[in-house]
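J.: Sequence:
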Amino acid sequence: MNRRSIIGAAAGGLAGSLAMPAVVTAQTTFNWRMTSFYGPQAAFYSVGPGSARDLIDRIQRMSNNRLRIQFFGAGELIPAAEGFDAVSSGVVQMNYANAYFWTGKTFAAQYFTAVPFGLNFQGTNGWMYDGGGLDLWREVYDRFNLVPFLCGNTGVQMTGWFRRPIERVEDLRGLKMRIPGLAGRVMQAFGVDVRLLPAGEIFPALERGVIDAAEFVGPFLDRQLGLHRVAKTYHTTGWHEPATASELIINKAAWNSLPNELKAIVENACAACNAISEGWCQKNNADAMEDLIRNHGVNAIPLPDEVVARLRAETTRVLEEAAARDPLVRRVHDSFMAYKARFDAWANYSEGVYHNTVRRA
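In the working numbering, the protein residues as written are 2 to 362.
I should point out that these hints are in silico values taken from the structure, not numbers from a laboratory.
Within a straight-line C-alpha distance of at most 16 Å, the following computed EDC-like cross-link-like pairs (lysine to aspartate or glutamate) qualify:
(1) 177 / 202
(2) 177 / 213
(3) 253 / 140
(4) 106 / 86
(5) 106 / 327
(6) 106 / 143
Go ahead and model the full structure; you've got the sequences and the hints to work with.
T.: This is how it looks when you write it as structure tokens:
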């Protein structure tokens, strides 16, 4: 063989070797398992538009079943609160939950679900997708071998259901209330006896007087639990969770094993469910709130301004203390708050003007 033939043969062999992985990749299928913090039939979280099952369906259809995912609700494979560790260790590839359930691992997780007096749905998306939030989230989770994704949002949640209305800060002292997360820690500063109860235990506890008040999500899902049957005061001020994001976490090694086109499918399916789930909440909460007020005698009212001001001050104190203890939390906190300042200034020209003048005209 002459020199030109040798080079040509070598080039042909090299092209063939490079092409082979692409052919194999296109035929490769992945069989994964997804666990969840929520029950297998939980509305919004497990079933319905934008839910975990909807997310799975979108991924499987877009990938032509190259990425197949088996879903397990809370308790079906592992307990609800063990999803973080199960994915971190590689026991399962994926888990669906909310990041603030993992504040025991890192306080920074709170910022990736909802911050009291923080960003609304639009602001959360702006910070996550374009303001550096998602990059920080992935940096925080990297040491746990996890890759996180934003995949849902309830929008503004309600303060909750109360047997008696809160008229002043002193009314909080001694109140037994189901309220999780950072909001619960803030409430404790005012003498609230905070109880952490799963969804299925909230109604019986409120009915029997084990608790005096309960926060869950919003009108549609709260009505499903029947909370309006035992408490008629519905404080609407969404101070504690102005936009509550859902989280998909994927084991880092599993994520890295996916070809780029399947990674793109997962990313786009999560973004779709993020938008679709919040739209579902807006429509269904509007219908449910009208029904609760018109047909069930519910008194939907905001918290008094004095109470809100005190809650805001305590929230600021708790967040600052947490940020002072951990440099990474400080970076997340400062990024979130800097973005919020810019977003709020813009909102005063846009959403604020619309709500205060145009919509009311």
